[in-house]
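Chemist: Okay, here's what each chain looks like letter by letter:
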Amino acid sequence: MNYIYYPGCSLKGTGRAYEESFLAIAGALGLAIEELNDWNCCGATTYMGIDEKKAFAMAARNLALSEEQAPDDKPVNFLALCSACYLVHLKAQTMMDENPNLKATIIGALANAQLSYQGRVKIRHPLDVLVNDAGIDKIKSLVVKPLKGLKVACHYGCLVVRPYATFDDQNNPTSMDRLIQALGAETIEWPLKTRCCGGTLMGTIPDVGSRLNYILLKEAKRRGADVVATACPLCQFNLECFQNQISSLYGEPIHLPVAYFSQLMGISYGISNRQLGMQRLFVPLQPSLAV
Amino acid sequence: MSSTEQKTDGQPRIGVYVCHCGINIALKVDITDLIEFAKGLPNVTVAREYKFMCSDPGQELIQKDIKELGINRVVVASCSPLMHEPTFRRATAKGGINQFFFQMANIREHVSWVTSDRGDATKKAKALVAGAVRRVAYHTPLERSKVPVNANVLVVGGGISGIQAALTMADSGKRVYLVEREPTIGGYMAKFDKTFPTLDCAACILTPKMSSVRAHPNITLWSYSEVVGVDGYVGNFKVKVKRKPRYIKEELCVGCNQCVEACIFKEPKFADEFNFGLSKRKPIYMPFPQATPSVVLIDPDTCIFFKTGKCKQTCIKACERNAVDFDQKEKIEEIDVGAIVLATGFKPFDAARIPQYGYKKYPNVYSSLEIERLVNASGPTGGEIIMRDGKKPKSVGIVHCVGSRDEKTNRYCSRVCCMYSLKLAHLVHERTHAEVYNFYIDMRTPGKGYEEFYDKLMQEGVHFVRGRVAEIRDWPMTAEEVGKLVIRVEDTLIGVVRRIPVDMVILSVGLEAHADAEDVRRIFNISCSHEGWFLERHPKLAPVSTFTDGIFIAGACQGPKDIPDCVAQAGAAASEAMALIDKGFVELEPNTAYIQETICSGCKTCIPMCPYNAIRYIEDKKIAQINATLCKGCGTCVAACPSAAAQQNLFTDEQIFEEIEGVLNYV
Amino acid sequence: MHEQWQRQIKYEEELDPTFGQRTAEMAHGEQLFSCIQCGTCSGTCPVAIYMDYTPRRVIAMVRAGLKKEVLNSRTIWLCASCYSCTVECPKKVRITDVMYALKRQAIQENVHPKRFPVSVMAREFYKLVSKNGRNSEGLLIFSLYSKTNPLQFLKYSTMGLRLLLQGRMNFKKESIQAKKGSKGDLQAILKALDNVK
Amino acid sequence: MSNEQGTKTGNSFEPKIVAFFCNWCTYTAADLAGVSRFVYEPNVRVVRIMCSGRLDPQFVLKAFREGADGVLIGGCHPGDCHYQEGNYKALRRFYLLKKLLKQMGIEDKRFRLEWISASEGDKVQKVINEMVEQVRNLGPLRLETIPKPHHTPSQQPAVAAGK
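So the protein lines, in turn, are chains A, B, C and D.
Just so you know, the first sequence maps onto residues 5 to 295 in the working numbering.
Just so you know, the second sequence maps onto residues 4 to 670 in the working numbering.
Just so you know, the third sequence maps onto residues 6 to 202 in the working numbering.
Just so you know, the fourth sequence maps onto residues 95 to 257 in the working numbering.
Source of the hints: derived by calculation from the structure; they are not laboratory data.
Just so it is clear, the structure is predicted and the values come from calculations on it, not from any experiment.
Any given hint could be a false lead.
[Unchecked claim] Distance condition first, Cα-Cα at most 27 Å in a straight line; then the derived DSS-like pairs of lysine-lysine:
no., chain 1, residue 1, chain 2, residue 2
1, A, Lys107, C, Lys97
2, B, Lys350, A, Lys222
3, D, Lys220, B, Lys411
4, C, Lys97, D, Lys220
5, A, Lys155, B, Lys487
6, B, Lys350, B, Lys212
7, B, Lys194, B, Lys283
[As the list claims (entries may be wrong)] Distance ranges between label pairs, derived from CB positions:
no., chain 1, residue 1, chain 2, residue 2, range
8, B, Gly393, A, Ser145, 27 to 35 Å
9, C, Gln13, A, Phe171, 33 to 41 Å
10, B, Asp59, A, Pro104, 53 to 61 Å
11, C, Ile41, B, His541, 23 to 31 Å
12, B, Lys395, C, Arg120, 54 to 62 Å
13, B, Pro542, D, His171, 18 to 26 Å
14, A, Gly31, B, Lys395, 54 to 62 Å
15, B, Gly393, A, Ala36, 20 to 28 Å
16, B, Gly498, C, Ser39, 16 to 24 Å
17, D, Asp216, C, Ile41, 19 to 27 Å
18, C, Gln13, A, Tyr254, 34 to 42 Å
19, B, His541, D, Asp216, 16 to 24 Å
20, A, Ala36, C, Lys178, 25 to 33 Å
21, D, Lys203, B, Pro303, 53 to 61 Å
Positions of the beta carbon are idealized from the N, C-alpha and C atoms, including for glycine.
Using the sequences plus the hints, can you model the full thing?
Modeler: So, in structure tokens, the structure goes:
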């Protein structure tokens, strides 16, 4: 199966390691992936708060472009790594389907840029693709360095299963857990797995953002996690990069590696740290792997 | 009738009577316009309006016109015939003409209540009236045939509702068959310790009733049995009852339990249904000490002999009365009854369907019914409230509306949860002195002494938080939360979010219709609401009747209800059934089919059409003939008859043709 | 009038009776009017603890027409759109979308709290992305801090430096290639939607 | 025939639809729709029959003949028939009739059969609104051109004084 890959802004910036590591393991798994030409920002969770129609139009432009890029009439697998990008495109699509007038308006707007949207796009999340297309067995088969003894807290964050749970259980998703277990690691019982990291609040209102991330990190430590695995650049950024500020704010030393699930896969596949962007981590993962 | 005959010249003289129904119809239908229109219709002699046609003055209008104007056909334009057709037929008869010279036009349910524009409504009402007028001209005098009613009754379901209905009818001398699916009667009430708001013990008021059911000469109790088929019609139902094998000869067993003692399983090791698995039983067991009938049964799924064929069968030897019978087979009993009372009850909501409440995940999260057993003196802990981890709770949270008032589970309010939650709060507080918190959306205590009970609880120091619990988790934020279940909720009366750590959580689950309500409904040929509750004939005027004559409903199978309401409804259903039986006969709607011998070609097309084998072929005459007593009046044979020899009273081809022309040709 | 003597009574003339209906339409849902004030939204909301009005209260205020209070509240800007409330609401009220609808009204009527980082960031992001078609994290943070609280630069300088060194941040302007008038011209699309009702 | 006369919208075409509803399920559902105040299009006139099995093909043809633009049949869901299987009989006739009507040039959408149980008041609303809209789009059915046979009524029943 072919995938049109939508990176989104973060994966070219703060989330670079996510792109690097995912493309690396995708290559290992032999997934045919090509980047979407001239993609634009999805508008994230913010743009909708200013102008909803334009927000949907921005997403629709990407959907239209992906249909351009996969001209035959087969369904297009639109792969968005970032959870926010994944949801924004999914929401735009769902809202247009629910509301014909809105759809007409958006399609009309696209026409001004000689674009059309037929609606044959299927928006996919990497966990969905890995677990359901590649399959756990295939994922297992490539493991050369099992992550024996590594205790992982799989953090799905909000938007993977909310408001739409298209491929996993909304209250208790398990795809990442199954995937991580396939690497030989142990996943801890993690009831906060879909709790919010605060998104952009960390940047705008640090006190609020800090508390949300403090709760997650503290509980993950309490439950004996060696590392938190994420599937979202913003979760990763919030959980990892502010640990010093959080520690000083709550007078409690917090030092917990936060890596992308794809980096953990890469490690177990024996892919080089550089290819996986491990050097970009604030909190190095290597020590935890020594266990 | 002399007056009538003088005034009639063989031509129909139709009277049209339009009802305002207060403003129900008048608001949407221009009555004056409609009256003027009706006056212009063929054969209409008089057209009148009245505020409430169903009232006495309204009915007298009709009778007066019949006598004075020689009206010989009556059309009433008002509500649905399913509502008031009998009323106006009676009025017509009182006037002195045959009651079937009457036709109703439904301009309320089918017009004024479902149409927004007044012009449209008036137009539609005119069409329906025209249809009725055209049709009624072709009505013919008919007589109702009477069929005797079988004096026996069937009660389905042995909970408090079924028991109440059965006893009421048996005491009045009716022969009652009480069929219960479970091995014992008593239903959910038998599992309760106390009942709200009086806190009298459930057993003390229920078990005497259970034993009098067992002892009653007029009651045949078939437990561990299910109705599998119902044929016939009001007054004369033929019922098939499946009696499941309990592998014990019921008539021999005296419930001494020696077989249970003797079972090769020295210790009970299988989840005990009656206690929701809070205790264990053996493969051969008595459901609970006061079980009625007091007869043990064997569970083939857990019994070694049934699973392996190899067992010392110590139970057989232990029974002096040789009641144990491993060869027992399921058998079908057939009975004839005149009326049926359905009291099949409800099923509790499965709390696991709301994952964020942690039921089946955290051992100390219980469903309210489990707590009913825990606080019960005859329960698994002898009434001591001990949690699965062996500890006594110091703090308890009771969560209301679990599986109620929730679009994702059940939209409706289950009606009993607020009160039983208060009851449990009282009992738990009384026995453990724990801090008890009630989390409610709205406190609903309508009922005698209910609000007072709520007040009593507040006085007792039970905490009340108005807010629907968002989640129950085991991750602590503070030292006191460590090792506790943390309830996260907005205290909506203060407007702040609270985290309340407790040892034990009670989920007050709502009531649901049985999973197989749909199948049961079909067996008895009645209707269900979307939620699966059995549908009453009329929400106010016929709350225990169904759309199938002779079949009545009582208790929670009709909708969530507490014990007082169940008992009241059971009494109502019982008296409805007895009213039917004591009358001795039922008058059948004369809408039966008949064959016009001169036209019938004897092609036999109709014969296989009849679901009741009411049509037979008469060899010598070479024609078909319909047995009116067997015919139920569906008219399928009439529609099939190629030569129009078959016709149906009240629904002849020409009556329907006229109605079609009527509804189409005037507006 | 003296601050702490603000009267709390509400007169009908101070309310906007159309506010509820308008908001419901903007939020794709009449379910708003089915709210039973159970507080599940507030209970599930991870940031409710910082809000001036809990989400439940906002719903009630919207229905009652307390437009001024709602549009000026911090609550609507604190919503991180994690959708917990939306999926847990027993009446299927799309609370997250209600919050979005309120943010939009606040922007339209220009009544959002001044120098309040969230709304500032929102507008900066909107401008940046509408113009270039892509976000440039570095530039966004820069304009946000300079427009709200420049001290943040110091606070996060070391972190910023690390991000730069690790190649996780830069200050160059990202943008799409599609030229004006050419296929895929984003401006053309967005322009078409200006003043679409 | 007054097909062309419009109701609310000036002289826009408002179809007439005759519905044959069985007494036990669909007629009751229509009553429930009323009790629940489910407002729907006013274009349907309901003729009550005891069972959809009573539906004589003649009724349908008659209705079209008399100027109906559509005919709707409502019966109990399969397995729910008050008379065991009248609705199956109706279904068979429905299919046969559909063929014939096609031959007469009457469009598919003008003739519809629906299973609606006593508790489905909302379905009555949905089905009627749908059908009215569809028939409205089809426009009036014009059979007037063909001369119309009138059934010869039997002897007017003597007004017996039966009680």
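Chemist: Of the hints stated earlier, which fail here?
Modeler: Result: hints 2, 8, 9 and 15 break, sorted rising.
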